[in-house]
Amino acid sequence: MDFVLDQSLDAFRAEVREFLSSALPKDMAERGHRCYHEDKSDVLAWMKILCKKGWSASNWPVEFGGTGWGAAKQLVFEEECLAAGAPQRPVVGLSLTGPVIYTFGSAEQIQRHLPLIKNGETWWGQCFSEPNAGSDLASMTSTATKEGDSYRLNGHKIWTTFGQYADWLIVLAVTDKTVKPQRGISFFLVDAHSPGITMKPIYSMERGHTLNEFYFEDVVIPADGLVGEEGKGWSYAKFLLENERSWSAEIPRNKALLQRLLQIARLQIDGAEPAISRPVFREKIADITARLHALEMLTLRAMNEHESCKGERLSNWESGSMLHIKGSEMQQEIGALMMELLGSSGALYYPSYTQRPGEEYPPGPAEAHGVAADFLYRRATTIYGGSNEIQRNIIARALLGNV
Amino acid sequence: MNFLLDDEQKQIRDSVRRFLSGNYPFDVRTEYGRSGEPCPAIVEQLVAGSWIGVAICDELGGVGAGFSEACLIAEEFGRGLVVEPFWALSMAPTALLEGLSEPSAQSTLQGIAEGRSFAALGFKGEPQPGVRAESISPELFSLSGGPLRVYGSSVASHVLVIAAMDNNSARCGLFSLPVEQLSNELKQWEQLDGSRVGFLELNGLQLAKDCLISESADLVERYGRAESVALMGYCATALGMMEAVLSHTTDYLQVRTQFGVPIGRFQSLQHRLADMKNALEEARAITHRSLCFVDQSPEKFKVAVAEAKYLVGKSASFVAAQGVQLHGAIGLTDEFLISHYFRALTVFCQSFGTCSDLLQSLGNTISD
Numbered sequence: 008m009d010f011v012l013d014q015s016l017d018a019f020r021a022e023v024r025e026f027l028s029s030a031l032p033k034d035m036a037e038r039g040h041r042c043y044h045e046d047k048s049d050v051l052a053w054m055k056i057l058c059k060k061g062w063s064a065s066n067w068p069v070e071f072g073g074t075g076w077g078a079a080k081q082l083v084f085e086e087e088c089l090a091a092g093a094p095q096r097p098v099v100g101l102s103l104t105g106p107v108i109y110t111f112g113s114a115e116q117i118q119r120h121l122p123l124i125k126n127g128e129t130w131w132g133q134c135f136s137e138p139n140a141g142s143d144l145a146s147m148t149s150t151a152t153k154e155g156d157s158y159r160l161n162g163h164k165i166w167t168t169f170g171q172y173a174d175w176l177i178v179l180a181v182t183d184k185t186v187k188p189q190r191g192i193s194f195f196l197v198d199a200h201s202p203g204i205t206m207k208p209i210y211s212m213e214r215g216h217t218l219n220e221f222y223f224e225d226v227v228i229p230a231d232g233l234v235g236e237e238g239k240g241w242s243y244a245k246f247l248l249e250n251e252r253s254w255s256a257e258i259p260r261n262k263a264l265l266q267r268l269l270q271i272a273r274l275q276i277d278g279a280e281p282a283i284s285r286p287v288f289r290e291k292i293a294d295i296t297a298r299l300h301a302l303e304m305l306t307l308r309a310m311n312e313h314e315s316c317k318g319e320r321l322s323n324w325e326s327g328s329m330l331h332i333k334g335s336e337m338q339q340e341i342g343a344l345m346m347e348l349l350g351s352s353g354a355l356y357y358p359s360y361t362q363r364p365g366e367e368y369p370p371g372p373a374e375a376h377g378v379a380a381d382f383l384y385r386r387a388t389t390i391y392g393g394s395n396e397i398q399r400n401i402i403a404r405a406l407l408g409n410v
Numbered sequence: 094m095n096f097l098l099d100d101e102q103k104q105i106r107d108s109v110r111r112f113l114s115g116n117y118p119f120d121v122r123t124e125y126g127r128s129g130e131p132c133p134a135i136v137e138q139l140v141a142g143s144w145i146g147v148a149i150c151d152e153l154g155g156v157g158a159g160f161s162e163a164c165l166i167a168e169e170f171g172r173g174l175v176v177e178p179f180w181a182l183s184m185a186p187t188a189l190l191e192g193l194s195e196p197s198a199q200s201t202l203q204g205i206a207e208g209r210s211f212a213a214l215g216f217k218g219e220p221q222p223g224v225r226a227e228s229i230s231p232e233l234f235s236l237s238g239g240p241l242r243v244y245g246s247s248v249a250s251h252v253l254v255i256a257a258m259d260n261n262s263a264r265c266g267l268f269s270l271p272v273e274q275l276s277n278e279l280k281q282w283e284q285l286d287g288s289r290v291g292f293l294e295l296n297g298l299q300l301a302k303d304c305l306i307s308e309s310a311d312l313v314e315r316y317g318r319a320e321s322v323a324l325m326g327y328c329a330t331a332l333g334m335m336e337a338v339l340s341h342t343t344d345y346l347q348v349r350t351q352f353g354v355p356i357g358r359f360q361s362l363q364h365r366l367a368d369m370k371n372a373l374e375e376a377r378a379i380t381h382r383s384l385c386f387v388d389q390s391p392e393k394f395k396v397a398v399a400e401a402k403y404l405v406g407k408s409a410s411f412v413a414a415q416g417v418q419l420h421g422a423i424g425l426t427d428e429f430l431i432s433h434y435f436r437a438l439t440v441f442c443q444s445f446g447t448c449s450d451l452l453q454s455l456g457n458t459i460s461d
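If you're matching them up, the sequences are chains A and B in order. In terms of the working numbering, the first sequence is residues 8 to 410. In terms of the working numbering, the second sequence is residues 94 to 461.
Treat the hints with caution; some may be incorrect.
Here's a subset of chain A near chain B, in silico, CB distances under 8 angstroms, partners left out [claimed, not checked]: (1) L16; (2) P286; (3) S315.
Derived, one-sided and incomplete: chain B residues facing chain A with beta-carbon distance under 7 angstroms [what the hints assert, rightly or not]: (4) K370; (5) V396; (6) E400; (7) G446; (8) T447.
The hints are simulated quantities; they were obtained by calculation from the structure and are not laboratory data. Quick caveat: nothing in here was measured; it's all calculated off a predicted structure. Built from N, CA and C at the ideal position, the CB exists for glycine as well.
Construct all of the structure, not just a fragment, from the sequences and the given hints.
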């Protein structure tokens, strides 16, 4: 245990910041700051710029075209990117598909898919949940039946984020119904343009379109679409969650939200004094700041333990679940506080750039754009990735065992 | 930054934990809490186990570890609900005296490391009533001011006090007041948890000049830092208490049966337990963070510790309350230990600024 502030990262942070200030197009940054959902064209253009710099796969090992950065460095990079308003990179390809392929996939899969993901040339969607298999994911019923050299996929998947952009899908499906669900599920890479796939958009409450459902009817998956071994899909999916657990608090996002909150708090809205001069808001902001500081330390602790443990459990806290609960609640809280600061301006509907390009905006401060949409959208944070109720179950089970 | 304990740190933590669980059972604790007398076994072991000098450099007879290690010991004191405050008797004087160049200050610190004396600080309240020292003869000072709060006063042989010299607020002196000369000035009061806090009020107390142990130019800054270190140690102590509450509550949920099943099978109780664990780890994280600022500027350190005290306090009141709640009526009794943790955590929350006080001052650090 040694708590010396790591100043070696300061130089790296400055380097990233300088790169962003010159490389990130201003209009893209402005869209990013307003927190509307990313445009595919923005994301792809940004990936191209990052790729040229060698930073597009910031979380991958060098041998697969990544940066080889440790977790703390990646965190600095993400913080700076979000603070600058950069679009979020395609997360399913970079954080889920990539690591699963280079950890469990074949040499051919590595060769075929990784460069395309790194270069931003393929967009991946995740097809895990089903209408009747959400928190209870193991109860999924989609099946992939072996037929000769290939599999025949049938089923109905839902909540695929940015599925409308997807070129490829990662799909969990049952390959063996005779064993425990956790042993009978396999992990597939599926071409999203295969015959038999139908996609339907789901609009969420901010009226944005990020979510989708996928119907698979006799979709043929060639044998090389199977990742690793048949029946191991559940453990691969668990590996992904483990791998990502230190990131569950979404520190970069929360920091960017807090900055935005401070910016709004310093505005004069409708001639009223800035919220920051009112003790009630100062105290709320101070409270969130303290908790964000704690959450950042918890994240660094989880990363430190994850990197030192090599797969072993070193401590008795469920870091992923705890970080998820705190980070998701904080995003909602900051959003709610921004809404409070905006008052009746927060009740206005601001169309996003992509929904109604060129349309006139309602009156009120420009900083209000996107706040309500983001506030509405972020009700998802306490549900996605396992609802916070499930996370509390996990934490309690770790303490109580099977009572 | 490294969050994992190395072998030496594990050994320090384990030896304190082992000693307390073997030699300081709940009934002993309760007995000394009632009597107000210091527990001889604890006082002895503070020195024999080299605990008191854990953060004092080895040239002065200490262990030469740091405040991280001291916080580990403080946490174990919290877990064991030790009446004597480690943070006040070890961490506070170490932070104040380390680095002072005067031989008198160094020998005071050495005396602490070697167990010849126990020193406690006089903490100023807010707003700060200062102490003034006046030279009244070539041999004597006269000290007036207070009241100051003295934690660890039942063990201390000396109280360390900072005073403005000869009505010159820019020049300060550090005095080591022998407790034996403070029979009228230092009054002990019992707190809710059985610990004692001393109130020191000086009205022209005459002291020999060798009680002045330092006139370093940065004494005010040092004193502020020492108060922050002490408070950080108190936060670590509260973490240990919360650990104990969580552990006892977890056990209780496993063994207490109602409606034919262990009550830990009820999801509402499971989720409450999870929230207690979350609060505890959040409190630990913000305490860790304050440790990062020990060697930063005193101002930054002070804010980091204020954040820690705020968040540990907020977590502590939640964890303590839920610990009682999940125990049901047995949690209300004086006989069962959970109520003692509740009281000790309440004392923590009330001391050095409540959550509201701290939130207000933290709010004032945000720039317009």
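Here's how the hints hold up against the structure:
no. : hint : result
1   : L16  : 10 angstroms, violated
2   : P286 : 6 angstroms, holds
3   : S315 : 6 angstroms, holds
4   : K370 : 6 angstroms, holds
5   : V396 : 10 angstroms, violated
6   : E400 : 4 angstroms, holds
7   : G446 : 13 angstroms, violated
8   : T447 : 13 angstroms, violated
The structure is inconsistent with the numbered hints 1, 5, 7 and 8, although it conforms to all the rest.
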